[in-house]
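Chains A and B, in that order, give the protein sequences. Here the first sequence is numbered in our numbering, starting from 1 and rising by one per residue. Here the second sequence is numbered in our numbering, starting from 1 and rising by one per residue.
Source of the hints: derived by calculation from the structure; they are not laboratory data. Yeah, the Cβ is synthetic: ideal placement off N, Cα and C, and Gly gets one too. Careful: at least some of the hints might be erroneous.
[As the list claims (entries may be wrong)] A few chain A residues that face chain B, going by a derived Cβ cut-off under 10 Å, partial list only:
1. H5
2. I6
3. S8
4. A9
5. I66
6. A69
7. R70
8. I72
9. A73
10. L74
11. R75
12. A76
13. F169
14. L173
[What the hints assert, rightly or not] Chain B regions said to be covered by chain A (calculated; three or more residues, Cβ under 8 Å):
15. 194-208
16. 221-230
17. 243-249
[What the hints assert, rightly or not] Not close to chain B: a few residues of chain A, all C-beta gaps over 12 Å, as computed:
18. F10
19. R12
20. D43
21. A56
22. L82
23. M89
24. A93
25. M115
26. K130
27. Q156
28. N166
29. M177
30. D179
31. R181
32. T229
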Amino acid sequence: MNSTHILSAFDRDLEAVQALVMRMGGLVETALLEAAEALDARDEEMASRVRAGDKAIDALEDQINIECARLIALRAPAAGDLRTVLTVMKIAAALERAGDYAKNLAKRTAVLSQMPQVMGASGSIRRLAKAVVQMLNDALDAYIRRDVKLAEDVRQRDRDIDQMYNSIFREFLTHMMEDPRNIGPCMHLHFIAKNIERVGDHATSVAEQVIYLVTGSLPGEERPKFDTTSARG
Amino acid sequence: MDDMRIVERTVNTKASKISAKGVQVHYGATHALKDVDVEILENTVTAFIGPSGCGKSTFLRCLNRMNDTIPSCRVDGSITLDGENIYDPRVDPVRLRARVGMVFQKPNPFPKSIYDNVAYGPKIHGLARTKAELDEIVETSLRKAALWNEAKDRLASPGTGLSGGQQQRLCIARAIATSPEVLLMDEPCSALDPIATAQVEELIDELRASFSVVIVTHSMQQAARVSQKTAFFHLGNLVEYGETGQVFTTPQDPRTEAYITGRIG
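Looking at chain A on its own, in the form it has when it is part of the complex (with noise of 0.2 Å):
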């Protein structure tokens, strides 16, 4: 990728396609942020920002996979270049299910804000946000820099996103032992706290691609797996 095309209207538009992924990581990356926040603050306004924004990023994936079958059907990319239009549509979709995810955050801040608050939930989902989207961050700085070291850093992170979901996890149990009430509230934060650990297994395959755009193939080996609450005990 260092060097330009004959033809310079091939770079412009393979150009163009990865500037739209950016501008959609960008979103989403700042929704997942403000999601975390409403709920830490209760601001029902800026959980419907939120869910109101999910449109553009729905709209940007759109317009990425039309402008990539564009690019196929126009410039028969070939080697680098189709894996580039490749990991585009790859990434923007787990971009996309990445703004679902927000959305969904923000939807049940709405319904949390009518029940009772669960001592320090709201601040360790917020850690945990922080700290997927900075993974997320990183995994698309990579893309842009064919960073492959960071990209297997980004991977590795994903452990440590798995286990603050499972401190978490013990966390609401916890609350919920504790007291019944706390059933309801803890079952919504159970859920968003699980769909921010989804949007770190997202970073991750965009950190895959990474991989693969740059050296042709998917890393082989399987990541280590340190979420234990589905297994017994």
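Following the hints, put chain B in place on chain A, whose structure we already have.
Positioned in the frame of chain A, the structure of chain B alone reads:
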């Protein structure tokens, strides 16, 4: 790749340069072109695609009256350049061809120097009064055709001594030396290797800032790469004419889809 701006060499125009209405062409008893309506826009690359014998070259040659040289050829309908009927008896075809230039399939430089190849048109049309003016036209044309750097130290050597790709760019320089408003290209890259092809395609994209370009090509990929508008001809009919991205992703006519996907030929 660090630069993430969306840069587009956009030249958006709706202004029509050439307007063809109800064009019919007969070669003797053969009905080669049937009722073709096309608007060629300013600052736009328009590609004509279609199987051999579909009429695309015939139509291209109507646009600067190259068909006049074929005695059995009869052209009906109207073709206007900036609203002026080019088949009007008062129109001088030689002057018309200075405004509507042409580049052919095989590079055909004159057996003269590189300089004279480019200077010939401006000389016969009286576009330069002094040697200095002529020098400037030659340099500008060679620069626009992306040949100046390779040719500037050998302007006196014969044009036929250049490589195939350079000869084709020389022919483009010759065609643009008369400052045409429209450039017609009939398979300009079919004799060139992929690198020279890419250079000519890049050139076409640059020329669009100053001219309308109409290109006939057998390579659908080339039409896809360089043009903003695509016209598909089949059996003498203009089947579909639209925005290139739309024609290659969602063609409206089943014949267009069959052709661009390699199902009819």
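Results for each hint:
no.: 1; hint: H5; in the structure: 7 Å, holds
no.: 2; hint: I6; in the structure: 4 Å, holds
no.: 3; hint: S8; in the structure: 6 Å, holds
no.: 4; hint: A9; in the structure: 5 Å, holds
no.: 5; hint: I66; in the structure: 8 Å, holds
no.: 6; hint: A69; in the structure: 5 Å, holds
no.: 7; hint: R70; in the structure: 5 Å, holds
no.: 8; hint: I72; in the structure: 9 Å, holds
no.: 9; hint: A73; in the structure: 4 Å, holds
no.: 10; hint: L74; in the structure: 4 Å, holds
no.: 11; hint: R75; in the structure: 6 Å, holds
no.: 12; hint: A76; in the structure: 6 Å, holds
no.: 13; hint: F169; in the structure: 38 Å, violated
no.: 14; hint: L173; in the structure: 44 Å, violated
no.: 15; hint: 194-208; in the structure: holds (count 6)
no.: 16; hint: 221-230; in the structure: holds (count 4)
no.: 17; hint: 243-249; in the structure: holds (count 4)
no.: 18; hint: F10; in the structure: 7 Å, violated
no.: 19; hint: R12; in the structure: 5 Å, violated
no.: 20; hint: D43; in the structure: 32 Å, holds
no.: 21; hint: A56; in the structure: 17 Å, holds
no.: 22; hint: L82; in the structure: 14 Å, holds
no.: 23; hint: M89; in the structure: 15 Å, holds
no.: 24; hint: A93; in the structure: 19 Å, holds
no.: 25; hint: M115; in the structure: 43 Å, holds
no.: 26; hint: K130; in the structure: 25 Å, holds
no.: 27; hint: Q156; in the structure: 25 Å, holds
no.: 28; hint: N166; in the structure: 37 Å, holds
no.: 29; hint: M177; in the structure: 50 Å, holds
no.: 30; hint: D179; in the structure: 51 Å, holds
no.: 31; hint: R181; in the structure: 50 Å, holds
no.: 32; hint: T229; in the structure: 39 Å, holds
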